[in-house]
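K.L.:
Now for the letters of each chain:
Number of protein chains: 2
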Amino acid sequence: MKKSFLFTPGPTPVPEPVLAALSQPIVNHRSSEFKEIIGGLRSELKKVWQTQNEVLILTCSGTGAMEGAISSTLKKGDRVAVVNAGKFGERFSKIAKAFELELDEIKVEWGSAVTIKQIEAGIQKAPAAFCFQINETSTGTLHPYQEICEWVRKKYPDCLLIVDGITAVGAMSIATDKLGIDILISGSQKAFMLPPGLAFASISQRALEKMKSSTLPKFYLDFAREHKSILENQTAFTPAISLIIALQAALKMMNQEGLENVYARHTKLSQSTQKALLAMGLKTATHSPSVACTTMYLPNGIDGRKLLKKIEADYGFRIAGGQEQWEGKVIRLSHLGFYTAFDLISALTALSRALLKEGYSHKTEDVLKTFIETYNL
Amino acid sequence: MKKSFLFTPGPTPVPEPVLAALSQPIVNHRSSEFKEIIGGLRSELKKVWQTQNEVLILTCSGTGAMEGAISSTLKKGDRVAVVNAGKFGERFSKIAKAFELELDEIKVEWGSAVTIKQIEAGIQKAPAAFCFQINETSTGTLHPYQEICEWVRKKYPDCLLIVDGITAVGAMSIATDKLGIDILISGSQKAFMLPPGLAFASISQRALEKMKSSTLPKFYLDFAREHKSILENQTAFTPAISLIIALQAALKMMNQEGLENVYARHTKLSQSTQKALLAMGLKTATHSPSVACTTMYLPNGIDGRKLLKKIEADYGFRIAGGQEQWEGKVIRLSHLGFYTAFDLISALTALSRALLKEGYSHKTEDVLKTFIETYNL
Numbered sequence: 001m002k003k004s005f006l007f008t009p010g011p012t013p014v015p016e017p018v019l020a021a022l023s024q025p026i027v028n029h030r031s032s033e034f035k036e037i038i039g040g041l042r043s044e045l046k047k048v049w050q051t052q053n054e055v056l057i058l059t060c061s062g063t064g065a066m067e068g069a070i071s072s073t074l075k076k077g078d079r080v081a082v083v084n085a086g087k088f089g090e091r092f093s094k095i096a097k098a099f100e101l102e103l104d105e106i107k108v109e110w111g112s113a114v115t116i117k118q119i120e121a122g123i124q125k126a127p128a129a130f131c132f133q134i135n136e137t138s139t140g141t142l143h144p145y146q147e148i149c150e151w152v153r154k155k156y157p158d159c160l161l162i163v164d165g166i167t168a169v170g171a172m173s174i175a176t177d178k179l180g181i182d183i184l185i186s187g188s189q190k191a192f193m194l195p196p197g198l199a200f201a202s203i204s205q206r207a208l209e210k211m212k213s214s215t216l217p218k219f220y221l222d223f224a225r226e227h228k229s230i231l232e233n234q235t236a237f238t239p240a241i242s243l244i245i246a247l248q249a250a251l252k253m254m255n256q257e258g259l260e261n262v263y264a265r266h267t268k269l270s271q272s273t274q275k276a277l278l279a280m281g282l283k284t285a286t287h288s289p290s291v292a293c294t295t296m297y298l299p300n301g302i303d304g305r306k307l308l309k310k311i312e313a314d315y316g317f318r319i320a321g322g323q324e325q326w327e328g329k330v331i332r333l334s335h336l337g338f339y340t341a342f343d344l345i346s347a348l349t350a351l352s353r354a355l356l357k358e359g360y361s362h363k364t365e366d367v368l369k370t371f372i373e374t375y376n377l
Numbered sequence: 001m002k003k004s005f006l007f008t009p010g011p012t013p014v015p016e017p018v019l020a021a022l023s024q025p026i027v028n029h030r031s032s033e034f035k036e037i038i039g040g041l042r043s044e045l046k047k048v049w050q051t052q053n054e055v056l057i058l059t060c061s062g063t064g065a066m067e068g069a070i071s072s073t074l075k076k077g078d079r080v081a082v083v084n085a086g087k088f089g090e091r092f093s094k095i096a097k098a099f100e101l102e103l104d105e106i107k108v109e110w111g112s113a114v115t116i117k118q119i120e121a122g123i124q125k126a127p128a129a130f131c132f133q134i135n136e137t138s139t140g141t142l143h144p145y146q147e148i149c150e151w152v153r154k155k156y157p158d159c160l161l162i163v164d165g166i167t168a169v170g171a172m173s174i175a176t177d178k179l180g181i182d183i184l185i186s187g188s189q190k191a192f193m194l195p196p197g198l199a200f201a202s203i204s205q206r207a208l209e210k211m212k213s214s215t216l217p218k219f220y221l222d223f224a225r226e227h228k229s230i231l232e233n234q235t236a237f238t239p240a241i242s243l244i245i246a247l248q249a250a251l252k253m254m255n256q257e258g259l260e261n262v263y264a265r266h267t268k269l270s271q272s273t274q275k276a277l278l279a280m281g282l283k284t285a286t287h288s289p290s291v292a293c294t295t296m297y298l299p300n301g302i303d304g305r306k307l308l309k310k311i312e313a314d315y316g317f318r319i320a321g322g323q324e325q326w327e328g329k330v331i332r333l334s335h336l337g338f339y340t341a342f343d344l345i346s347a348l349t350a351l352s353r354a355l356l357k358e359g360y361s362h363k364t365e366d367v368l369k370t371f372i373e374t375y376n377l
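So the protein lines, in turn, are chains V and E.
Each step along the first sequence adds one to the number in my numbering, with nothing skipped, and position 245 is 245.
Each step along the second sequence adds one to the number in my numbering, with nothing skipped, and position 286 is 286.
One or more of the hints may lead you astray.
Same chains, same label: a pair holds when it works inside one copy or across any pair of copies.
[What the hints assert, rightly or not] In silico SDA-like links for lysine to any residue, alpha-carbon gap of 20 angstroms or less:
#, residue 1, residue 2
1, K252, A21
2, K268, Q256
3, K3, M254
4, K2, K252
5, K3, K252
6, K369, G281
7, K2, T267
8, K252, R42
9, K3, E257
10, K268, T8
11, K357, T374
12, K252, S43
13, K75, I123
14, K2, E257
15, K3, P17
16, K357, D314
17, K2, R265
18, K275, E365
19, K369, L356
Just so you know, the hints here were simulated from the structure itself, not pulled from any lab data.
Model the full structure from these sequences, guided by the hints.
P.N.:
See the structure below:
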């Protein structure tokens, strides 16, 4: 028998209470009952986002929210600066190009975190929006987001700060208002322990102001319209009702644990996994690891695609591999969302046994010892 | 965050496909649809029981089936022989006493398996029924059931062999017909990976014959009536419909794995857990360990009740302790039902860390190494 276990940095495992909530009867989204649900979620999400402003609940993937953040706020011909340190940074560039915006792309080597120096060098002219990821999850890298926000706010006071916190919000403390972030995006299938289908975006007063003069084409992803709706405890269009009902259960679990404890757990899991994989002899693929996943180069001669298929076939664990230029070369072991130390012990054991079978010499017990001691289990 | 994880030898964890099946709409139990379900289950259960006879599906706990096996077949004043090597053996005695039967109780020290010599010495007169457990789960002990069946069948050809296979059927291969077992009992919340609420009992031709002259009082647990009903793909009274619907899903999972593989997995988990706990320095509480749970004495000075509460509070694992005379003195770590090697690795880690915190010196990594290597993971 195999139990299936997801170890990907999204979608992440869905806890039983959330699965049970997903099975609740559908409520009509124009009913007073549903408005009460949205009303409750509005204040809950503001707490997680650490914002006085509204957090939109959108029925789309994180990418939809990235597009909406740009298309809802910018004008034709506007200039955007984008940090591209991986697949998700590149996505901001692609969206900017799709809308024919002027683009300053700050290209960063995969596995590296961007520096302020690189940003300074990469910006040609004052941008209307600055877009970057807190975690670049294709490489498992944390960008110095506080420093970046501070720098942008100081250097370009009018510039919109559009931040992809898709694998960060709910897993680490992000002070949206304090950092001056205008739009902070996340998605349901990450720290929020839900299936995919919802995205979230906080909207600052500056962003609202910009929306008034926005001329880019949009309809479904029109944040001004969604903002107007959420003030009335509504969504502009038919939302993923079950996911919204279940979001209540997920937030309840997070609050029961306590957000600070949720963040501390993610930090501990990340640090312990990092050390355990180093004890396995693997080389880190990033020197600024994120709390979402730990990214490591596989040993020479090991084909990551085959290895991960074998781990799934033999043990039932679905561990993420590398994307694009890193395909087959790295693993990305997730600890984002509904994970405990015991889950990571299982995943590390499976990875270790599979690597041993491939002839990569090390000791499983040393890996587990390192994890257990670092976690202080 | 803690995830709750059951490590008790019943109730055992319920897999997602079974949970999903439990949520299916209720079918009326007198409908043709439900008769089809019972019809399908009849042939599936016969395969698991390795019998040509019927296997009753009863809505009661295993104890109900133990009572029904006696009350449905015996006459007032009949003599029964019972192997009492723990709490569950004792239960057969209590039932015999409740029905004022003559009783030969073969008392066996807790943790020991009964011997034929003890049985020979304990039987005063030819019994109408011989009752024993395959696994005495209060002590985690496997009785030499094949030898016992052979001996009883030879020595007392007319004696009913009533066998409690509650934690055995579905976890080990038991050749009901070949062994001449007249009534082999099991329960839903064990190897069958369901919530409690159903019991099962195979009924031999000899048992059917005995029912005709049975004079003990019974109504709900009347196996003759249930037998007549199941021949018509019915149950005599309103059954636990959801559990019966979900039993299909559980048996499907077992068949997909393959029964031989299910049995082999239980054997491997049992052997590996045994060796791992010995590597932890614990002393085995039985020299004939069952596939249902591994029972070990706790180190001197460790209060098992406190320890198990702490493991649950700190790590979310619910491990069974000792009962009655063994309360606080032993642990019974379950591997019965929906468990993989990774689950036991987690439980062993939790137990090991908790014991270390109590000052019991050993190395977690040695325990895990022993488990992983014995299991050949």
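K.L.:
Now look at each hint and say whether the structure bears it out.
P.N.:
Tested hints:
no. : hint        : verdict
1   : K252 x A21  : within (11 angstroms within a copy, 26 angstroms between copies)
2   : K268 x Q256 : within (19 angstroms within a copy, 38 angstroms between copies)
3   : K3 x M254   : between (25 angstroms within a copy, 13 angstroms between copies)
4   : K2 x K252   : between (30 angstroms within a copy, 14 angstroms between copies)
5   : K3 x K252   : between (27 angstroms within a copy, 15 angstroms between copies)
6   : K369 x G281 : both (14 angstroms within a copy, 18 angstroms between copies)
7   : K2 x T267   : between (29 angstroms within a copy, 16 angstroms between copies)
8   : K252 x R42  : within (14 angstroms within a copy, 43 angstroms between copies)
9   : K3 x E257   : between (26 angstroms within a copy, 11 angstroms between copies)
10  : K268 x T8   : within (18 angstroms within a copy, 29 angstroms between copies)
11  : K357 x T374 : between (26 angstroms within a copy, 16 angstroms between copies)
12  : K252 x S43  : within (13 angstroms within a copy, 45 angstroms between copies)
13  : K75 x I123  : within (19 angstroms within a copy, 95 angstroms between copies)
14  : K2 x E257   : between (29 angstroms within a copy, 9 angstroms between copies)
15  : K3 x P17    : both (19 angstroms within a copy, 11 angstroms between copies)
16  : K357 x D314 : within (11 angstroms within a copy, 34 angstroms between copies)
17  : K2 x R265   : between (27 angstroms within a copy, 11 angstroms between copies)
18  : K275 x E365 : both (14 angstroms within a copy, 16 angstroms between copies)
19  : K369 x L356 : both (17 angstroms within a copy, 14 angstroms between copies)
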